[in-house]
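Chemist: Here is how the chains run, residue by residue.
4 protein chains.
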Amino acid sequence: MGASVGFIGVGTMGGPMARNLLRAGHRVRVFDLDSRLVAGLEKDGAEVAANAAAAASEADCVITMLPRGEHVESALFGDQGAATAMREGTLYIDMSTILPSHCERFAHRLRAAGVCVVDAPVGRSSQHAIDGKLLIMVGGEAGDVDRARAFLEPLGDTIVHCGPTGAGQKMKLVNNYMSIALNALTAEALVMAESAGLDPEQARSVMLGTVAGQGHMGTTYPAKVLKGDLTPGFMVDLAHKDMGLALAMAGELDAPAWLGAVAHQTYGLARRHGRGAEDWTAVYAALRETAMGDER
Amino acid sequence: MGASVGFIGVGTMGGPMARNLLRAGHRVRVFDLDSRLVAGLEKDGAEVAANAAAAASEADCVITMLPRGEHVESALFGDQGAATAMREGTLYIDMSTILPSHCERFAHRLRAAGVCVVDAPVGRSSQHAIDGKLLIMVGGEAGDVDRARAFLEPLGDTIVHCGPTGAGQKMKLVNNYMSIALNALTAEALVMAESAGLDPEQARSVMLGTVAGQGHMGTTYPAKVLKGDLTPGFMVDLAHKDMGLALAMAGELDAPAWLGAVAHQTYGLARRHGRGAEDWTAVYAALRETAMGDER
Amino acid sequence: MGASVGFIGVGTMGGPMARNLLRAGHRVRVFDLDSRLVAGLEKDGAEVAANAAAAASEADCVITMLPRGEHVESALFGDQGAATAMREGTLYIDMSTILPSHCERFAHRLRAAGVCVVDAPVGRSSQHAIDGKLLIMVGGEAGDVDRARAFLEPLGDTIVHCGPTGAGQKMKLVNNYMSIALNALTAEALVMAESAGLDPEQARSVMLGTVAGQGHMGTTYPAKVLKGDLTPGFMVDLAHKDMGLALAMAGELDAPAWLGAVAHQTYGLARRHGRGAEDWTAVYAALRETAMGDER
Amino acid sequence: MGASVGFIGVGTMGGPMARNLLRAGHRVRVFDLDSRLVAGLEKDGAEVAANAAAAASEADCVITMLPRGEHVESALFGDQGAATAMREGTLYIDMSTILPSHCERFAHRLRAAGVCVVDAPVGRSSQHAIDGKLLIMVGGEAGDVDRARAFLEPLGDTIVHCGPTGAGQKMKLVNNYMSIALNALTAEALVMAESAGLDPEQARSVMLGTVAGQGHMGTTYPAKVLKGDLTPGFMVDLAHKDMGLALAMAGELDAPAWLGAVAHQTYGLARRHGRGAEDWTAVYAALRETAMGDER
Ligand SMILES: NC(=O)c1ccc[n+]([C@@H]2O[C@H](COP(=O)([O-])OP(=O)(O)OC[C@H]3O[C@@H](n4cnc5c(N)ncnc54)[C@H](O)[C@@H]3O)[C@@H](O)[C@H]2O)c1
Ligand SMILES: NC(=O)c1ccc[n+]([C@@H]2O[C@H](COP(=O)([O-])OP(=O)(O)OC[C@H]3O[C@@H](n4cnc5c(N)ncnc54)[C@H](O)[C@@H]3O)[C@@H](O)[C@H]2O)c1
Ligand SMILES: NC(=O)c1ccc[n+]([C@@H]2O[C@H](COP(=O)([O-])OP(=O)(O)OC[C@H]3O[C@@H](n4cnc5c(N)ncnc54)[C@H](O)[C@@H]3O)[C@@H](O)[C@H]2O)c1
Ligand SMILES: NC(=O)c1ccc[n+]([C@@H]2O[C@H](COP(=O)([O-])OP(=O)(O)OC[C@H]3O[C@@H](n4cnc5c(N)ncnc54)[C@H](O)[C@@H]3O)[C@@H](O)[C@H]2O)c1
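Protein chains in written order, with the UniProt record's numbering: chain A, 1 to 296; chain B, 1 to 296; chain C, 1 to 296; chain D, 1 to 296.
Simulated from the structure, these hints should not be mistaken for laboratory data. All the pointers check out, no bait thrown in.
Each pair may be met inside one copy or between any two copies, as identical chains are not told apart.
Below, computed lysine-lysine pairings styled on DSSO-like, alpha-carbon distance capped at 27 angstroms:
id	residue 1	residue 2
1	Lys241	Lys133
2	Lys133	Lys43
3	Lys133	Lys227
4	Lys227	Lys241
Model, not experiment: these values are computed from the prediction.
Using the sequences plus the hints, can you model the full thing?
Modeler: So, in structure tokens, the structure goes:
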């Protein structure tokens, strides 16, 4: 009943994912450059392939879960690469996090041979891979994405179709852009609290009660800029002033404030766009203008 | 029953705050450079003072709610400033957002005359001022802060004593540092989504399901670095790699990514501190080291 | 013969400057909060004043050379401040580096009393102060600036009249903005060379042969953007690409590259302004547009 | 007499370079994906090759001058790539600007076949390519670099051997890092001058008289930090203060100051390293410590 899956790259993420496919009743043939990892999966019921082409051969679906674009390129198009074994109609799903432009390039080459290509990078952590509770962001044509669901559902609890080929990667990178930078910003705020002689635990608890800790995406943005209301709840000019004070304090304390220093400049940009007296969420409107060139 | 309060600065925030004090049964004498604002309050039951000294004269408690440190300095120590009218034991509460070092300087001068000084800047918006639901961050000696509660409770629903004089300002600035920079970062992420051809509304909804939208303070930090566990859920090195990909994508799209570009450097710093294979929350530990000089 | 000068603030810079005024034949009355410094100048022929007002009293010209705006404010307008002793027609020269907006505020108050105000902050180092070879950037009305020359010429070898009151401070801050940030950038480049295993001395010598070491102001700018020629000698797009490569290399090496990361974003902005195929000096044109709003 | 050279990539830079090799008496066989460019060179005496392998076949020396690493990879290792035609002892010189790590990877593959590999990216502009006056930064083994000189000397007037394979690319990227970021900084300073109401031409001329315009590499660095003298000519703490003032002014003017905002943080770092009272060139020492981990 289950389909036949070739799974290439069974490291931290790929290993538990392959196990979840086995558990869901698929026949899984695995390949990894590290043979010990492959041996571990054999015990759990996987077949072992000697190379990527062998893993892909006769598979209904081929999945790659590899570190970077170079690895995907080599697993697909290198010596005994999977591309040589994929037939017209084979479903190929790349779940690695790679550049969208690389993803599009690989898809282009594979489609020439009739392969159906879907990108489906994942969010969350290795524990979520084990638990089959990944967030999966998918790019590809609707029909291909539908076929892919049978293989993605055992792996994640949230599957989001984001658009054509590459759109999964783009969503993944946007999400990671935000979470990774936010981590650096969070670190600055807590270190600044401690440098100021505050109790960082109290600071964290204060911030968890404000947008500082709760974020803007579910609070100020839907309440203001996203519904087109820029009457000031808190003004761009006041935010610009307060960030100036915070940076002056950080300067006196020698607390690192790299992201805030740059964010201060973003408010300057919003002021140059004539948005000083608008709600602080107008920063989004101003930045959008610089990027999209709609208005000025 | 109520006490006698001198209230200086009845603009966007101070006006509704003075009204809430009247409503709570205090006698309030107000002063503002803008006489129309004062007239409005007179109708609501406030007495009108001709200058800051007159507002402060014979008051149990003097409150200032002014734009910047310069304004506070002039309302206190300028011609007919409030300082001339405050007596031994008068309680002075500055609720403006100003530099902690200015706050400490003003407190120093007032204490020489026996005045009890508390700083109590506020968080949230003007609507919260109207509703008496401000977040109030307080600095000062315990006894003074206790006396201040009678005047703060009508104004806010969360009153946090953060430490000695200036600590209220420090907490306020740390909180604003975080929320103001986070706004700029949020704008970048949503603009990047749109530049990438994604639906920004879908991107927002995806991020609301991850730490990108929910923040680290209530999620990854308590689960990892704050309890001393740096075994990787998601590795610094992977975050560094993914931010590199996101920046490369942003570069191809010409999407603005100022904060992320700087955050990428912060991960470089964590790697230099030997934390590449640790959990990404180790960025906090690394930044703390550079600021506190504990180790490394 | 010489005029009578009140000199307030005789520290690292002010001390040697007062000596040069004595040497030029002026009668100099000095005041400093640090009495040892004053004593040293007494031996060299200065008169000693007990406070700022006494130094200013009966002087043709009063000069301040103090650390920050707060100090200038207190020396002028504090207890026994110089302002009380200056008469209609007294020439006041502030040579401290302070905020232009503070400078304008002080000038406004002094002019009300008929004082002639000039700002004349200095560039270069303490050795140049000793040698009378400072760079002096002057703001004020032409007549006042002309009167000031008699007092400035013994102190510096380059005296530049930059515009009305505050213009000297503005020029000073722009100059320092550039030199101070350039120092941080220079440090990054040399550290990156060493992190890459290059000989930093060889790297410095290579860069001294290119605009990297020689700067753009006297080379590419006059050759291209400043004469309106944006045909590409080196294209914005190529510079954007090369900075991307340099940042990728820095990422692999874990070399700090904060300024470059941000500069990369500036090229993104130039590309968004449609200037990708223009000469790299078009970055100036693009930035000018965002600041001046001329065009887009 | 002349040697036989295969030249791949005859665009803006490669075209004039190939002409200079012809002029120096070499036999040059060229290939480019754009056949019109090849036709132009044929008139000037070059032989035309149908693909990269044909250009490389029987050549003493093969040169590539292509946009990016991907193009070099495909010209070498793609279908009918040059690698198939290079023999034991063929000298291969890549003059494109690419990532050092890519350069090292390609060299590794070619060396396995006995090819002698040199990287020799160039500095300066297309006009210098025409004039044979490029700056050429070379990486490779001494013997190979010596062989390469015969082919490089017609192309440039400065040839610097920087170290082993990849070192030429590294030097090139460090040099470009500096010059490209410096362009963005220069733009900020001149725009700030204009925003402040100064004459930007006067500002440029003032800065050309200071390290702002002349750079630190040939002035303050050799005079101070590079000879181990950190006694302050101009103190880190003062530079930190002055940058704070410049940023405050920029904030009031809404002038963009992204690089300065970040540079201010670098001075904070130097202060955290205990270097506040040292010469401002100590910023280099502090940054070096964070990167090299020598000291703290
Ligand atoms: N680890 C996480 O928390 C996490 C979370 C979300 C997304 N991701 C992404 O998932 C992808 C995989 O990450 P990971 O943590 O599992 O990495 P990993 O390094 O643990 O595993 C990758 C595996 O790929 C194998 N491999 C490399 N090249 C190969 C080739 N050519 N052929 C066959 N096998 C090859 C390696 O031997 C290794 O076992 C990455 O793109 C990563 O960014 C990881
Ligand atoms: N507005 C907000 O959303 C908000 C939120 C949190 C904190 N704050 C902080 O609260 C403070 C006040 O902000 P606001 O929005 O009410 O400002 P505002 O400008 O609306 O009101 C300030 C008032 O002070 C008066 N004033 C100035 N100098 C004076 C003097 N010397 N004597 C008497 N009156 C004087 C002005 O006439 C004005 O009416 C600021 O520090 C601000 O940062 C504001
Ligand atoms: N040191 C340099 O290399 C340099 C170069 C260019 C410009 N500057 C600028 O020159 C100014 C002075 O710098 P410096 O290095 O001479 O500082 P400094 O600290 O060596 O000297 C300042 C002097 O002012 C005195 N002072 C402070 N407040 C006073 C008051 N109210 N009344 C009387 N005296 C008072 C102090 O006692 C001290 O002696 C600063 O604004 C600085 O930015 C310095
Ligand atoms: N232009 C400058 O001012 C300058 C200055 C210094 C360094 N560089 C560097 O020199 C290199 C070349 O730059 P350019 O300005 O000459 O670029 P260009 O785009 O003008 O020329 C590149 C040529 O390579 C050809 N090409 C691409 N892929 C090919 C392939 N696989 N086989 C054969 N030909 C191929 C293209 O058709 C094109 O003619 C780049 O790495 C650039 O960074 C340029």
